[in-house]
Amino acid sequence: MIDLEVPRKLRPLIESARLMAEEAFRPISRKYDLAEHTYPQELDLIAAVIDGMSSSGVSEGAGASSVSGSKGASSGGERVEGGGAANVGSRMPSAKGEVRNGANMSSVLSILESCRGDVGLLLSLPRQGLGNAAIAAVASPEQRQRYAGRWAAMAITEPDTGSDSGAIRTTAVRDGDEYVLNGEKIFVTSGERAELVVVWATLDRSLGKQAIKSFVVERSNPGFKLVRLEHKLGIRASDTAAFVLDNCRVPAEDLLGDPEIRMQGGFGGAMQTFDNTRPLVAAMALGLTRACLDLTREMLTAEGVEVDWDRPAQVQSAAAAKVLQMEADYAAAHLLTLKAAWMADNGKPNSMEASMAKAKAGRTCVAVALACVELCGATGYAERDLLEKWARDAKILDIFEGTQQIQLLVVARRLLGLSSAQLT
Amino acid sequence: MTTAASIQRLGLRLISKVGSLPVMAHPALRARVGKVLHRSAHVGGAAQIAVGRAFAARKAPRVDPARTPPTTRRGVFDLTPTEDQQMLREAARGLGEDVIRPAAAQADTDRTIPADVTRAAADLGLVLLGVPAELDGIAEDGSAVTGALVLEELARGDMGITVGIMASASVATALSLYGTADQQATYLPHFTGTEPVKAAALAIQEPQSLFDALSPRTTGVTGTGGITLNGVKALVPNADSAELFIVSTMVDGSSRLVIVEANTPGITIEHDPAMGIRAANTGRLLLTDVTVPTANLLGSTEDHLDAIRRSRLAWAAAACGTAQAVLDQVIPYTKERHAFGEPIAHRQAVAFLIADIAIELEGLRLVTWQAAARLDAGQDASEPIALARALTSAHATQIGSHGVQLLGGHGFVKEFDNERWYRDLRGAGVLEGVLLI
Numbered sequence: 001m002i003d004l005e006v007p008r009k010l011r012p013l014i015e016s017a018r019l020m021a022e023e024a025f026r027p028i029s030r031k032y033d034l035a036e037h038t039y040p041q042e043l044d045l046i047a048a049v050i051d052g053m054s055s056s057g058v059s060e061g062a063g064a065s066s067v068s069g070s071k072g073a074s075s076g077g078e079r080v081e082g083g084g085a086a087n088v089g090s091r092m093p094s095a096k097g098e099v100r101n102g103a104n105m106s107s108v109l110s111i112l113e114s115c116r117g118d119v120g121l122l123l124s125l126p127r128q129g130l131g132n133a134a135i136a137a138v139a140s141p142e143q144r145q146r147y148a149g150r151w152a153a154m155a156i157t158e159p160d161t162g163s164d165s166g167a168i169r170t171t172a173v174r175d176g177d178e179y180v181l182n183g184e185k186i187f188v189t190s191g192e193r194a195e196l197v198v199v200w201a202t203l204d205r206s207l208g209k210q211a212i213k214s215f216v217v218e219r220s221n222p223g224f225k226l227v228r229l230e231h232k233l234g235i236r237a238s239d240t241a242a243f244v245l246d247n248c249r250v251p252a253e254d255l256l257g258d259p260e261i262r263m264q265g266g267f268g269g270a271m272q273t274f275d276n277t278r279p280l281v282a283a284m285a286l287g288l289t290r291a292c293l294d295l296t297r298e299m300l301t302a303e304g305v306e307v308d309w310d311r312p313a314q315v316q317s318a319a320a321a322k323v324l325q326m327e328a329d330y331a332a333a334h335l336l337t338l339k340a341a342w343m344a345d346n347g348k349p350n351s352m353e354a355s356m357a358k359a360k361a362g363r364t365c366v367a368v369a370l371a372c373v374e375l376c377g378a379t380g381y382a383e384r385d386l387l388e389k390w391a392r393d394a395k396i397l398d399i400f401e402g403t404q405q406i407q408l409l410v411v412a413r414r415l416l417g418l419s420s421a422q423l424t
Numbered sequence: 001m002t003t004a005a006s007i008q009r010l011g012l013r014l015i016s017k018v019g020s021l022p023v024m025a026h027p028a029l030r031a032r033v034g035k036v037l038h039r040s041a042h043v044g045g046a047a048q049i050a051v052g053r054a055f056a057a058r059k060a061p062r063v064d065p066a067r068t069p070p071t072t073r074r075g076v077f078d079l080t081p082t083e084d085q086q087m088l089r090e091a092a093r094g095l096g097e098d099v100i101r102p103a104a105a106q107a108d109t110d111r112t113i114p115a116d117v118t119r120a121a122a123d124l125g126l127v128l129l130g131v132p133a134e135l136d137g138i139a140e141d142g143s144a145v146t147g148a149l150v151l152e153e154l155a156r157g158d159m160g161i162t163v164g165i166m167a168s169a170s171v172a173t174a175l176s177l178y179g180t181a182d183q184q185a186t187y188l189p190h191f192t193g194t195e196p197v198k199a200a201a202l203a204i205q206e207p208q209s210l211f212d213a214l215s216p217r218t219t220g221v222t223g224t225g226g227i228t229l230n231g232v233k234a235l236v237p238n239a240d241s242a243e244l245f246i247v248s249t250m251v252d253g254s255s256r257l258v259i260v261e262a263n264t265p266g267i268t269i270e271h272d273p274a275m276g277i278r279a280a281n282t283g284r285l286l287l288t289d290v291t292v293p294t295a296n297l298l299g300s301t302e303d304h305l306d307a308i309r310r311s312r313l314a315w316a317a318a319a320c321g322t323a324q325a326v327l328d329q330v331i332p333y334t335k336e337r338h339a340f341g342e343p344i345a346h347r348q349a350v351a352f353l354i355a356d357i358a359i360e361l362e363g364l365r366l367v368t369w370q371a372a373a374r375l376d377a378g379q380d381a382s383e384p385i386a387l388a389r390a391l392t393s394a395h396a397t398q399i400g401s402h403g404v405q406l407l408g409g410h411g412f413v414k415e416f417d418n419e420r421w422y423r424d425l426r427g428a429g430v431l432e433g434v435l436l437i
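The listed protein sequences correspond, in order, to chains A and B. Here our numbering is used: position 50 in the first sequence is 50, and no number is missing along the way. Here our numbering is used: position 363 in the second sequence is 363, and no number is missing along the way.
Be a bit skeptical, because a hint or two may be false.
What the hints assert, rightly or not - Coverage of chain A stretches by chain B, computed from C-beta distances (three or more under 8 Å per stretch; other residues unrestricted):
id, segment
1, 4-16
2, 334-345
3, 410-418
In short, the hints are calculated from the structure, not lab data. Every residue, glycine too, gets a C-beta built ideally from N, C-alpha and C.
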């Protein structure tokens, strides 16, 4: 039955995420925007609370640390998590054939609410890194067990390869019971703070994408050297690290998934992570957009401007008409994201829909945040309030986990039935 | 293949398609569908009724009007239509593909819909979509989602023809939603019976710029002889053949819907062709001291607003269909069309426009469905309807433009359908009234 409301059973989860955003994130939002590279120690307490709720199992979803694999039934699909990027759900259709609103839906909705508070702080939550999502997607059950409860960052990008992640140059060479990694990694979110970093490296550059494997590297590994922390436009609460891997020796059992180079599917496996994580980043963009719209509408109300849903836009004030259009684009992005999550929860392949959601949410987020600064004038642009910060934070959401252009490529290739060689 | 032959083919296809659905194991539903499909034989022999029939007032045997109950929601996010909805959607898709699309270009040029196309739509019982089952319609609960699915499929065939054939259905839906028991008894048999009206229209739009449907300039003044109406309604589909109008009017200062029979003195019809939806043969309805009984007031001021909302949502659903037609066409075209030694689809500048069409179309469709599901559940849908309207106006129009742009000069000439989609899609976010779900 067609119904596009937020699922009833997830409302308590959303409510607790909203509380976290309002009571825990907002009050320290500006503080860590100004104090870049300072660890927000408040997050340890928040993470402890989330872990507690999660392990008690009472809060269908306010927790965050449990990860379920894309194929594994062991962790169960109905376990609902929330709050961080680590939560990719099971893709098993329900045995009874019933429609399910599962872990993907709950993660999207709780991340959305959290990011009404602060995107940078959400990204800095311990044990919620993208590396945790990668482990969830491709690790063996034994590995998942071994890394459980540890905070993992993700290192894909290199100085010369951004969107073209199939062209990475970091190498891994087998040497006895170890692999020896050499190369350079940049843009590693929480790279300094995490305990583990999932590093993409190639076993043989001549074999292309299929030879790319991911390795779990301990941050304390002497061959894994922190070079610098970036100074950024936004999400300054979240650290972004650069590393050099200098004869970094990694135990062979820390290669995630299948160690063999298979000419079919290998890279696809690693890339499949994106089908689950792109809706989550779309949800971050939605949360930030929502925050901008809520605050702007509050400020416009104070100036006597209210949107009338029933009058045509052209007979309302320009500000009201602008808000109407922004709300419309938000609604479209919101439902595209829920659709992508719903498909994942119900075992439907969703690569294209995940990219549609990310593309629409990413561009809406930037356009709305910048327009809200304009509507609110000096209050929008000044540091006294948060609109200017959100407008800076917004830009990364149309870039990481695949830029706008990469999303459009994914969508277009699917629609047109073209390969990456044909549509480059 | 002739139109008649393709209609015959459609009928056969539908019977086999519909008959094989698992849901058809249910005898009650089978009976209902059978009623709709077999109506064609019954109606087929009826003579064409002249414009301006008399609608003899009837007393209903009941006091309360028939209304469908609201849909019960399960609280689960879901994009799966019910089997019932899927069946009607398939039927509408068949009609759109096999009957409406082949007739579209000529109907646009001629500003008229071939009789056999109208007949095929009537045979499917689409006019009964929003009429409760107990009044010989097919709606058992809220029908907005079903209406959205059906309108999309029809408008994927052609928006102009869809408007032409569904305008009457919208009047039947309005009578079902807002009519008193007596109004339903008087007028609905002229839609559900064996001699249906030739046409009927929901006249809300007016010619002035910055038109606000909540504040029509058409006035109604209550006096001893009834309500006297004065004003101009623009772009009314099938205005010259409609036998019944529902007119949006400021009656003594409140916005109301008024039932006006076409043969009432004081009505003049003018041609009012537009940029698009030309097959709907739009005209102006001039009301000069037109007096109707007070009993012709249809619903309340709140119902007037509800009708405007449902109408905007219907246009959004229709826009989804025509935008889908654009997407369906540009995908194979850009893969076949070569420039600079390869298919133009291999260029990002082309491929990204197509991705954008798909993204904005899907966003519009989902917001439309969300609003429709709220209406069916009897909940406030004013906000999602406003958002669907805004998306229609901005993005559906843009999709129409992309559809021409991707073909270059070929999109601009009538060799392809794209220029018509461009014209029709501009209308979907502008027009008020006419359609209703």
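Do three or more residues of the segment 4-16 of chain A come closer than 8 Å to chain B, measuring C-beta to C-beta?
holds (count 6)
Do three or more residues of the segment 334-345 of chain A come closer than 8 Å to chain B, measuring C-beta to C-beta?
It holds: at least three residues are needed, and the segment 334-345 of chain A offers 5 whose Cβ sits within less than 8 Å of chain B.
8 Å C-beta criterion, at least three residues: is the segment 410-418 of chain A covered by chain B
Contact hint for the segment 410-418 of chain A vs chain B: holds, 7 residues under 8 Å.
In terms of the numbered hints stated before, the structure departs from none.
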